[in-house]
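*Asks:* Sequence:
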Amino acid sequence: MSIKYCSNCGKQMAYSDIFCSFCGSNQEDNQIIVDKDKTSSTDVLKGYFKHLYTIAGCSSRKEYWLGFLWMMIFAVSFHLIWSLSYASLHDSASGVRLLKSFGFVFAFCKYFVSISLIFSTCRRLHDANISGWFLLLLLVPIFGWIVIFVLLCQKSQEEGQRKYGNKKPSRAINHVIGWLLVIIFGLFAGVHEMKIIQFKYEESVNLHRFDMFIQKENEGKYYNYTYNGSNYDH
Numbered sequence: 001m002s003i004k005y006c007s008n009c010g011k012q013m014a015y016s017d018i019f020c021s022f023c024g025s026n027q028e029d030n031q032i033i034v035d036k037d038k039t040s041s042t043d044v045l046k047g048y049f050k051h052l053y054t055i056a057g058c059s060s061r062k063e064y065w066l067g068f069l070w071m072m073i074f075a076v077s078f079h080l081i082w083s084l085s086y087a088s089l090h091d092s093a094s095g096v097r098l099l100k101s102f103g104f105v106f107a108f109c110k111y112f113v114s115i116s117l118i119f120s121t122c123r124r125l126h127d128a129n130i131s132g133w134f135l136l137l138l139l140v141p142i143f144g145w146i147v148i149f150v151l152l153c154q155k156s157q158e159e160g161q162r163k164y165g166n167k168k169p170s171r172a173i174n175h176v177i178g179w180l181l182v183i184i185f186g187l188f189a190g191v192h193e194m195k196i197i198q199f200k201y202e203e204s205v206n207l208h209r210f211d212m213f214i215q216k217e218n219e220g221k222y223y224n225y226t227y228n229g230s231n232y233d234h
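For the sequence shown, the UniProt record's numbering begins at 1 and goes up steadily by one.
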């Protein structure tokens, strides 16, 4: 997919435009055409994270899949750190206090990743001239997931041919709404995760106390049995 820039003012334009919508210059001569596939990975990732929490606009295949890869690396790495921390700290009071704080951050990060992926997937569909409502297919196991994957692999459509998105910068309110969703869901998830950690610790402590009680009861019965048995022999 290629994009065109005005030969007079340098603004980005739809490939099919004859006149620049910014300065009115005729674009039939001296067109500046850039192949998007040659955009560096760094610039692509900058564009991805710049529009992290908005469904407005669209994302190319390269931008979406690079962003998806980075998000997965972040999520898997953080989950691994969390699992190792939980395994080593969950059985002590001081460790649980630390885990509760870390669990809050972990739950917050889960929504940081999941919401951003929902928004970026919607932008990828827009770029292929597909409505974002197709994301509802994710609710259909297996079949819906396969369909969404195929749609995400569709090539980008030209600026003037797209119905569901454009490359214009999204409004600030879109970013604000996205970040509010992350903060609200992240806070609720973080508090819930802290309660779960505390509950599991208390359950473990109570189970340990119960085991100790049963063990003492069995030791007492064994002592009484051996004591009474020795008296009977005499």
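Treat the hints as calculated values from the structure; they're not laboratory data.
There's no promise every hint is true.
Stated by the list, open to error - Derived pair list, reagent style DSSO-like, types lysine-lysine, alpha-carbon separation capped at 30 Å: (1) LYS62 - LYS110; (2) LYS200 - LYS50; (3) LYS163 - LYS46.
Stated by the list, open to error - Here are the in silico distance ranges between beta carbons for each label pair: (4) ALA172 - PHE199: 28 to 34 Å; (5) PRO141 - GLY24: 26 to 32 Å; (6) GLU203 - TRP70: 56 to 62 Å; (7) ASN206 - PRO141: 14 to 20 Å; (8) GLY144 - VAL113: 19 to 25 Å; (9) TRP70 - CYS153: 15 to 21 Å; (10) SER41 - ARG97: 27 to 33 Å.
C-beta atoms are modelled at their ideal positions from N, C-alpha and C, and glycine is treated no differently.
*Asks:* Against the structure, test the hints numbered earlier, and report the numbers of the ones violated in rising order.
*Replies:* 2, 4, 5, 6, 7, 10
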